[in-house]
Structure formats: structure tokens, C-alpha cells
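**Q** In the order they appear, the protein sequences are chains W and Y. The numbering of the first sequence is the working numbering, which starts it at 6 and goes up by one. The numbering of the second sequence is the working numbering, which starts it at 26 and goes up by one.
Worth flagging that the hints you see were computed from the coordinates, not collected in a lab. Heads up, some of the hints might be wrong.
To be verified - Each computed EDC-like pair below joins lysine to aspartate or glutamate, with the alpha-carbon atoms no more than 16 Å apart:
hint : chain 1 : residue 1 : chain 2 : residue 2
1    : Y       : Lys62     : W       : Glu377
2    : Y       : Lys62     : W       : Asp161
3    : W       : Lys363    : Y       : Glu53
4    : W       : Lys73     : W       : Glu225
5    : W       : Lys138    : W       : Asp271
6    : W       : Lys138    : W       : Asp161
7    : Y       : Lys52     : W       : Glu292
8    : Y       : Lys162    : W       : Asp367
9    : Y       : Lys89     : Y       : Asp27
10   : W       : Lys363    : Y       : Asp57
11   : Y       : Lys52     : W       : Asp367
12   : Y       : Lys89     : W       : Glu225
13   : Y       : Lys62     : W       : Glu376
14   : Y       : Lys89     : W       : Glu376
Unchecked claim - Listed next, the stretches of chain Y that the computed footprint assigns to chain W, with coverage defined by at least 3 CB atoms under 8 Å from CB atoms of chain W:
hint : region
15   : 37-45
16   : 63-71
Stated by the list, open to error - Every beta carbon over 10 Å from chain Y, so not counted as near; a handful from chain W, in silico:
hint : residue
17   : Lys17
18   : Ser158
19   : Tyr181
20   : Glu182
21   : Glu225
22   : Glu290
23   : Asp327
24   : Lys363
25   : Arg379
26   : Ala392
27   : Ile417
The model shown is predicted, which means the values in this text are computed figures rather than measured ones. Yeah, the Cβ is synthetic: ideal placement off N, Cα and C, and Gly gets one too.
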Amino acid sequence: MNPFHHALRIRKEICIGCSRCMRVCPTEALRVIDGKATLHPEWCIDCGECFNVCPVRAIVVEDDDIAKIFRYKHRILLIPSVFFAQFEEKLTLDAIKGILYDMGFTELCTVEQGADLLVDEINRYVAEFNGEKPVISSYCPAVVRLIQVRFPSFADRVMRLIPPLEITAQYYRSEYEKNGVPLEDVGIFYVTPCAAKIAAIKAPVGGYVSPINGVINMSELYNKVFLAYKQKGTSENEHCTLIHSSLSSVGVRWPTTGGEAAIIQDRALAIDSMPNVIEFLERLENEEIKGVDFLELRACDMSCCGGILVQGNRFLIKERIDKMAEELPKKHMLDQKFRNVCSGYIPMDPVEPRAMIKYHADFTIALQRMEEARRLLRRLPDIDCGACGAPSCEALADDIVCNRATMEHCVILHAHQADPEMMEKIWGKKRFIKK
Amino acid sequence: MDLSFQIQGGDFTSAGTASSQVRRTLKELGVDASVIKRVVVALYEAEVNIVAHAYRGLITAEIKPDQVFMKLIDEGPGIADIEKAMTPGFSTASQEVREMGFGAGMGLPNICRNADVFNIHSVPGKGTTVEITIQIK
Numbered sequence: 006m007n008p009f010h011h012a013l014r015i016r017k018e019i020c021i022g023c024s025r026c027m028r029v030c031p032t033e034a035l036r037v038i039d040g041k042a043t044l045h046p047e048w049c050i051d052c053g054e055c056f057n058v059c060p061v062r063a064i065v066v067e068d069d070d071i072a073k074i075f076r077y078k079h080r081i082l083l084i085p086s087v088f089f090a091q092f093e094e095k096l097t098l099d100a101i102k103g104i105l106y107d108m109g110f111t112e113l114c115t116v117e118q119g120a121d122l123l124v125d126e127i128n129r130y131v132a133e134f135n136g137e138k139p140v141i142s143s144y145c146p147a148v149v150r151l152i153q154v155r156f157p158s159f160a161d162r163v164m165r166l167i168p169p170l171e172i173t174a175q176y177y178r179s180e181y182e183k184n185g186v187p188l189e190d191v192g193i194f195y196v197t198p199c200a201a202k203i204a205a206i207k208a209p210v211g212g213y214v215s216p217i218n219g220v221i222n223m224s225e226l227y228n229k230v231f232l233a234y235k236q237k238g239t240s241e242n243e244h245c246t247l248i249h250s251s252l253s254s255v256g257v258r259w260p261t262t263g264g265e266a267a268i269i270q271d272r273a274l275a276i277d278s279m280p281n282v283i284e285f286l287e288r289l290e291n292e293e294i295k296g297v298d299f300l301e302l303r304a305c306d307m308s309c310c311g312g313i314l315v316q317g318n319r320f321l322i323k324e325r326i327d328k329m330a331e332e333l334p335k336k337h338m339l340d341q342k343f344r345n346v347c348s349g350y351i352p353m354d355p356v357e358p359r360a361m362i363k364y365h366a367d368f369t370i371a372l373q374r375m376e377e378a379r380r381l382l383r384r385l386p387d388i389d390c391g392a393c394g395a396p397s398c399e400a401l402a403d404d405i406v407c408n409r410a411t412m413e414h415c416v417i418l419h420a421h422q423a424d425p426e427m428m429e430k431i432w433g434k435k436r437f438i439k440k
Numbered sequence: 026m027d028l029s030f031q032i033q034g035g036d037f038t039s040a041g042t043a044s045s046q047v048r049r050t051l052k053e054l055g056v057d058a059s060v061i062k063r064v065v066v067a068l069y070e071a072e073v074n075i076v077a078h079a080y081r082g083l084i085t086a087e088i089k090p091d092q093v094f095m096k097l098i099d100e101g102p103g104i105a106d107i108e109k110a111m112t113p114g115f116s117t118a119s120q121e122v123r124e125m126g127f128g129a130g131m132g133l134p135n136i137c138r139n140a141d142v143f144n145i146h147s148v149p150g151k152g153t154t155v156e157i158t159i160q161i162k
């Protein structure tokens, strides 16, 4: 399996090379080359920050076509609670379910059914963990990938328990198997709020193989459901399983910020959005943070409510999820069955570190290159304009010493040469003195 | 690769800047995480010592192909009895400070434990110089 399977792809024919994506990439995995955004596949963590800022939709999510479901006799759709929370209240849960059945799905299941089982498992895991704490949640695949690439020394702290989605998928596969259904007839599909979850299913970490057969883009499915509702109104097709009653308040809140931390008995923190997560992990690396037992880290602002494929405002979605939670029991009715079926599936192997090689794998060469890069940096203008095609002056200096760019790429130095007076009027004389 | 940092006594807001920068540099160079951790623990401890006890100081870190050499020179009250200061558990901190979780008397022993070579020299009334060497390979 390709370890760098990415769920995000740049459509070069559409990309206008505006560099917006390059500026927001948390691993500096993007450059503009020949007028197009170009991805460094080993550094990309599928967080989708680039997707969010692209003004021309040149970045696409590599999902599966809905038509793929008809390859299977049993077509199971795993739906996260944020999917329902996207719709206004007048489009009821029953109406949404009816429309989805009309589309050809044969069973609808809520993803967070798997969360209840994890409550005891995580607490036991944290209590018995004999490595260095905090234990870091394995829930958000973009965070897991961020740790592999940018914080490889924390890879062994990532909780070795599979997330609720995979527990639920394992449960339904086992149920069909138990009832004598041939597994090639069972198609398990997942509606994803983000790109990272696609990468996590197609190229999972920790020696795990996902039973999920296909991933459907949430924004596409939202549009299909909403269109069906606008054109045909609510469906009569309501022969469905009871989604609501097999979900708990704990489960439904799981994808929101604090949903996991709330159930941890020891000291736990919940942190969302990429810059906040990075800041905290850096502080942890600086040995500044002590005594935290568990970290719930989510790449998106407001966690999955702010997923890149989620329609609507993340704060309103969170509000709707909280409202759903108020009407639900603390444990769902399938809880005991889940325990019986899934307990054996929950552990996974350690997450492998995948450190970025910035300068060179050989330390002596790396040291020489870094020193050279620091020397070059003193000549660069230090305004991180991005006009050279790299996200910062520092990144350009690094690219130069790794033979991926030259000093000629610096547009500001060219402009200063052409018209020193004008450039110094804007940026000051001092900036152009060679130090 | 040489890095240097000016430290101001009493400026706890900036304490940790030197160890953070050195950590980042070593990480970018691909140094083993367990080595980085020892550097960070030792340097952070020594850096905070300057902030907590001295008036001002200068930290230099020299990264060579085989080792990291760090020198911390401060102007401050100095340490009268270094041997005593090196004893685990010995602390000049008041009971009040200890109750806050600081001043456990593990500062210098902790630096020493993480360093491959550790030197300390102090002149009471003038200041203290600490040298820490940690092997990279």
C-alpha cells in the first residue's frame, strides 16, 4: 500500500498559481513551480487547509463515486452526526433517512455508535499507559499524520486504539458475516467531513486494515439530499433502522471539541484548529507542559463541525449537535452488543514516525546545508512575500541549499536592483544591506 | 552552527526561548529525539536558573558534527558552595516557593544527569558559568 496516499489532488489545469494554499500549509509541503501549486507528497498530511483557501477549487478531494454502492447487494452507509446537523430543523432526521434509502442504501448507521465502547477502553488505556504522557488521541487522522511528520518523537504517545468510525465499521461487517451474508456482497460506505479521513481509510496507520469499501464526500451527499428534498419533498421510504435510539449523548458529542476529553477521568485537554495544535505540541516538546494525561487534538477549528466538506456554519452545527445530545440517553441500546463483537478489534499497532528530512539524511551534510541556509537568509529580505514560490524566506533558503531553487528566485532583490529608491521607501534601507 | 541568546534576569515570559530555538534547530537537522530531549531538559533548567537567580546572562550553543556544546555565562550573585548546590534536594528556595512546586533542589543535578560533560564555575558576587556538552552520536 502506498504510505503517501493522499486524498487531496491539485488539478493543474485549473490551478492559477496564486500561492494561497502554499501560505497556509502547516508542513510547508507546497511550492509554486511553473505557475502551479506543487505538492511534496511525503510532507502532506491531508489536513485540507489548502482546500479551504483555494479560490478556484483547483484542489479536489479524491472520494468514491456514489454509483460504486451498486456493486454490492447490501449497501451500508455510516453517517457521522455532523451530517445530520448540517440541515435546518425543518428537514427532519426521518426525512433525511428516507431520501438516503431512496438513493439506494439498504442500511443507515450512525458512526458514533462505536464511541460508547471506547469510553472505558480509553480510560483504562490512559491509566495503564507506561510511556511518557500525555497520551494523544488517535481520533483525528490529520493530527496523527501531523505527529508522524512534524512531531515524530510523539508517535509512540498516539493512543493505540482504533477510532469510533472503525469500531462501527467492524461491528456491521461482523453482523453481516454472522448472519451468513458473503462479505463480497457487503459494501460499507462512509460519508466523510474531511480529506484526512479518506487518507486514513485508504492508507491507515498502525498496521490496521479498514473494512470500509468506499468513502463518500459529505458536501456532495448534502447537495444530493437537499436537491431531492427540494424537488420531491420528504420521502415515504421509512422502513429504516432506528438511528436515533442507537446513539448516545456521549457518542453524538464525540466529533465536537471536548467530546472526547469530557469522558476522560484523568487530566485531559481538548485543543482544536491546526495552529493551536502545533503551538501546543511545540510547547510539549519544549518540556514546558507537565501533568497532562490525555490530549484530544483536532485539526479543524470546532473539530469535525468545521470539516472542509461540511456545509454550513460550524458554530450552528455544534449547537445542533448539542441539541441532539440533550434528547439522547447516556448509553445507546446496542452498547452491550458492541462490546461483545468489537472488543477484540480495538487495539492497533504503534503509529510509525515519518520525520521530514529537511536538509539531508547525513548529519554532517545537513549541518553544512543549514549553516549555508542561515548565511543566505541574512541576504534575503525577510518579508515572506511568497513571490519566489516558497512560503517564506527561510523556506527559500532551504530550497536553495537543497538545489531546488536559486537566489535569483527572490523577486524583492530583483526589484531593489531595478529601483532601489522606491523599494527602500517601502521596506527601509536596512533591509537591503548585506549582513 | 552557532546560536546565541541574551537572557534577562526576572523575565520569566521569555524563559525557554534559548532551549526552544536549540530544540528546533536540532530537530531540523534530524538529530535523534532522545538526544534532543536531554539537550532541552538541561538547557531549559540552566536557562531558568539565570532568569530566577542572576541579573543577566549570555547563552551560546555550538552544534558540531559530533556534539552540542552550550555555555551559559551570567552576571549574578554566584554560588558560594557548588558542592552543596549539586546535592539532590538542596535548595535555597523558601518554604513558600517549595509549596508552589518550585525549588525542589533538582536544578543542577538534573542538568548534570542529562549532560555528557558538565562544568560549573562560580565567583560569589560576580556570577556563574555553566558548560554543558551532549554527544550527538
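**Q** Out of the numbered hints, which ones does the structure contradict?
**A** Violated hints (numbers, rising): 1, 12, 13, 18, 22, 24, 25; every other hint is consistent with the structure.
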